[in-house]
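Protein chains: 2
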Amino acid sequence: MIKDLNEIFKSYESFIGTEVTIQGWIRNHRKQKDFGFIDLNDGTCFETLQVVYGNNLDEFDDIQKMHIGSAISATGKIVASPKEGQKIEMELLSIVLEGDCPEDFPIQPKRHTREFLREQAYLRPRTNLFGAVFRVRSIAAYAIHKYFQDNGFVYFHAPLITASDCEGAGEMFQVTTLPIDKINEEVDYSKDFFGKMANLTVSGQLEAETFAMAYKKVYTFGPTFRAENSNTKTHASEFWMIEPEMAFCDLEGDMDIMEDMLKYVVKYVLDHAPSEMDFFDKFVENGLKDKLNKLINSNFVRIDHKDVITILKEANVKWEFAPEYGEDIAKEHEKYITEYFGGPVFIKNWPKDIKAFYMKQNDDNETVAAVDLEVPGAGELIGGSQREENYEKLVARMKEMNIEPESMDWYLNLRRYGGCVHSGFGMGFERLLIYLTGVDNIRDVIPYPRTPKNCEY
Amino acid sequence: MIKDLNEIFKSYESFIGTEVTIQGWIRNHRKQKDFGFIDLNDGTCFETLQVVYGNNLDEFDDIQKMHIGSAISATGKIVASPKEGQKIEMELLSIVLEGDCPEDFPIQPKRHTREFLREQAYLRPRTNLFGAVFRVRSIAAYAIHKYFQDNGFVYFHAPLITASDCEGAGEMFQVTTLPIDKINEEVDYSKDFFGKMANLTVSGQLEAETFAMAYKKVYTFGPTFRAENSNTKTHASEFWMIEPEMAFCDLEGDMDIMEDMLKYVVKYVLDHAPSEMDFFDKFVENGLKDKLNKLINSNFVRIDHKDVITILKEANVKWEFAPEYGEDIAKEHEKYITEYFGGPVFIKNWPKDIKAFYMKQNDDNETVAAVDLEVPGAGELIGGSQREENYEKLVARMKEMNIEPESMDWYLNLRRYGGCVHSGFGMGFERLLIYLTGVDNIRDVIPYPRTPKNCEY
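So the sequence lines, in the order shown, correspond to chains C and Y. Under our numbering, read the first sequence as residues 1 to 457, first letter to last. Under our numbering, read the second sequence as residues 1001 to 1457, first letter to last.
In case anyone wonders, no lab produced these hints; they're calculated from the structure. A portion of the hints provided could be inaccurate.
No farther apart than 20 Å at their CA atoms in a straight line, the calculated lysine-lysine pairs in the PhoX-like style are these [stated by the list, open to error]: (1) Y:Lys1146 / C:Lys146; (2) Y:Lys1267 / C:Lys146; (3) Y:Lys1233 / Y:Lys1453; (4) Y:Lys1289 / Y:Lys1263; (5) C:Lys10 / C:Lys31; (6) Y:Lys1335 / Y:Lys1318; (7) Y:Lys1331 / Y:Lys1233; (8) C:Lys335 / C:Lys233; (9) C:Lys196 / Y:Lys1453; (10) Y:Lys1196 / C:Lys453; (11) C:Lys453 / C:Lys233; (12) Y:Lys1453 / C:Lys191; (13) Y:Lys1331 / Y:Lys1355; (14) Y:Lys1335 / Y:Lys1313; (15) Y:Lys1191 / C:Lys453; (16) Y:Lys1306 / Y:Lys1335; (17) C:Lys77 / C:Lys3; (18) Y:Lys1335 / Y:Lys1294; (19) C:Lys31 / C:Lys83; (20) Y:Lys1033 / Y:Lys1065; (21) Y:Lys1146 / C:Lys267.
Extracted from the complex, chain C is given alone in its bound form:
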């Protein structure tokens, strides 16, 4: 009977004494004169199964020649293991070599640097570290869907190719079927595929708002793109975003959902990937699980931007960037403020001049109802805002910021056709994964990362 390893480990006691077949890959192979041990992983869980074989088997000599990385089908009896730290092992009865693997296979049972493994991106999920990272990526993605679906949100697929560049959230990639030339002359976009200039989206928010005005609660979860020429640990040209949008919801309600969602997703991952999280806790970020459990059990602080500036100014710290009312805050400030409060902090009501045109203008005429969630050890994890629902105020703000209202009549019309108080937020999925795993480079939490001058596979 062919079984997946995750099934067997989940209820290992019921398998003791039974004969099963496992199909997977040899992670390690230790050979003695009269017996040997194969660590078999089939990809369905983090754990490997130790397969014990002896020279009583006819194929003993052939088995001893089997290489690390090879695909095998191993049939044997599951027995209680005498080895400490492992509940069960397999006494091998027969084995089939499904696919050999030469000895120059790059992934050997030793420590490889992450930089080396990045060069072998298509093989790295076969390691403990990346096997865990991309399983957690899958589980976290599902947790996000489950949270929103269980709470009545409609999943909205925002368009990826877009002709509108309104948010100004970042540099865009152009999408074309025209021949490309290095000389910039007059281009006749009427001859391009869409009959106009088209780009890859930087955010699905504005389109999500249109659906929020029909379904009340919607969320996107899809790829977004930035053509910024920055080579940092946290920038990628292609990444996935979650952008919920809620009608009849103000900034306080927005924060309620952010907090509830984040706690849910963190708890779901801790519950559903215990081995992976133990591994990260032990080998990637000491204290990771404590950090995450603390987040689940904390009440997130809510504080105005100006009060944060006051705290920063009064702090007995020599800042690299002096904190100032009306200005953005730096990484060092984010760090200080989460440590100051000992937990996650919502910083709200930001100076309007450093925020986007669509954010709700507060009565003070200086701030907007925007919020950033800062978490210990990661800084900004989520950004959101109440959206300006007043047609005239929105038009005036667009003009101030040199955005042509005519180019966005559909967006403005949402304020004319049964508009209401509404809010939303955006969470970068990879930023969440960095926080969840402790793996600190965005290139290591995306299967095939795209960055400047890098587009392999």
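For this one, chain C is given, so just place chain Y on it according to the hints.
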């Protein structure tokens, strides 16, 4: 107490006699001299709640002026409804106009053509038809995630921007930050963002195979792109695909999963969107629910391509395209064969010359282990294959088809480094939605469709 309508309808009996507030939009408003009826929809379900008000309310005159499309908060008592076909209604106590809507609001309570609504894409989810379509889209997407996650598949995010054009599945969009010109001269791609020519992916399959060799069972669910200049009901330039990939799985196992997955998703949607499916059954495709229930309860036929050709040749039908051994089959053939068997049909073992290079070559040297699932009323819904795991055979086939093996060394290496029998398939998400809803134009199942010369929002 603010409540969502779906909560109230779900356990309406427990709400009778209680006072609640509903926030949503006026779908219809019928006024009499001394009373009136508002049909209120809040987007959380298909149903509207009838709100009854009388001239005992101080605000009676103001309420009577409220327009269709306006956003309101209505507070009142839920009571059993005397009207046939509706269980409950609300006796209004007070109302707040959250956002007015002018009388020229394009969505009025009358029949609009789908063509007209396509021009108002950002408002169409506020209609019964599109409200139902995009809710079913969300539910079906979740059902797909749930099926694969519950069955131990890892969700894999394939890259969208890609430098490899190997599948040859379709025309590609180019992605660039270079200036674009209409003259095609020598282009120095080393100066482009990724340092080489980059395109939008047409399929994540090849990359998914790399993860299947680590996790055994993976699936993609993400956008794919085709720059084909075709204006048909079934072609879009941007659409979502599901591409599962399984190691240690042959063509029979592949079909098992296709059949199991499809039945699960269809049943999930019928169970979780009963009102929407009733609506489609009544107003879009008569017999839709019977069709879907029949699929759930059928055993899918499995038949070789050559036997299908024999049946077609022996049929007493005057074909527009004559069926022929070794050739593709036409829409009319697909239709005939599903009617012949009275249900879904897997057509397998296709002539190798009309299929892709990566498909497993059968021993007859004429066919490959490919399969298409044909369903009654929709034709091909899923296509899959066992993948060629033999390195030499794969290289030979690539050369025959003028694909440079050097350009795909990573893909070939999967056959060297512990390769094994493996299979996968691809399902166009919109094709599934067309099948599920009876809505027959792909432009009507995508929130913001992209087609040649069309890229609005």
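To see whether the hints hold, each was checked on the structure:
1. Y:Lys1146 / C:Lys146: The given pair, whose Cα atoms are some 9 Å apart, holds under the 20 Å limit.
2. Y:Lys1267 / C:Lys146: Holds, at roughly 18 Å.
3. Y:Lys1233 / Y:Lys1453: Satisfied, since the Cα-Cα distance of roughly 15 Å is no more than 20 Å.
4. Y:Lys1289 / Y:Lys1263: Holds, because 13 Å separates the two Cα atoms, which is no more than 20 Å.
5. C:Lys10 / C:Lys31: Distance of about 29 Å is beyond 20 Å: violated.
6. Y:Lys1335 / Y:Lys1318: holds, 14 Å
7. Y:Lys1331 / Y:Lys1233: Holds: Y:Lys1331 and Y:Lys1233 sit about 14 Å apart, inside 20 Å.
8. C:Lys335 / C:Lys233: holds, 17 Å
9. C:Lys196 / Y:Lys1453: holds, 8 Å
10. Y:Lys1196 / C:Lys453: Holds: Y:Lys1196 and C:Lys453 sit about 8 Å apart, inside 20 Å.
11. C:Lys453 / C:Lys233: Holds: C:Lys453 and C:Lys233 sit about 15 Å apart, inside 20 Å.
12. Y:Lys1453 / C:Lys191: This hinted pair holds, its Cα atoms lying about 9 Å apart.
13. Y:Lys1331 / Y:Lys1355: Given pair Y:Lys1331, Y:Lys1355 holds - Cα atoms ~17 Å apart, limit 20 Å.
14. Y:Lys1335 / Y:Lys1313: holds, 14 Å
15. Y:Lys1191 / C:Lys453: holds, 9 Å
16. Y:Lys1306 / Y:Lys1335: holds, 17 Å
17. C:Lys77 / C:Lys3: holds, 12 Å
18. Y:Lys1335 / Y:Lys1294: holds, 16 Å
19. C:Lys31 / C:Lys83: Given pair C:Lys31, C:Lys83 holds - Cα atoms ~17 Å apart, limit 20 Å.
20. Y:Lys1033 / Y:Lys1065: holds, 12 Å
21. Y:Lys1146 / C:Lys267: Roughly 18 Å separates the two Cα atoms, so the pair holds.
Hint 5 from the earlier list is the only one contradicted by this structure; the remaining hints agree with it.
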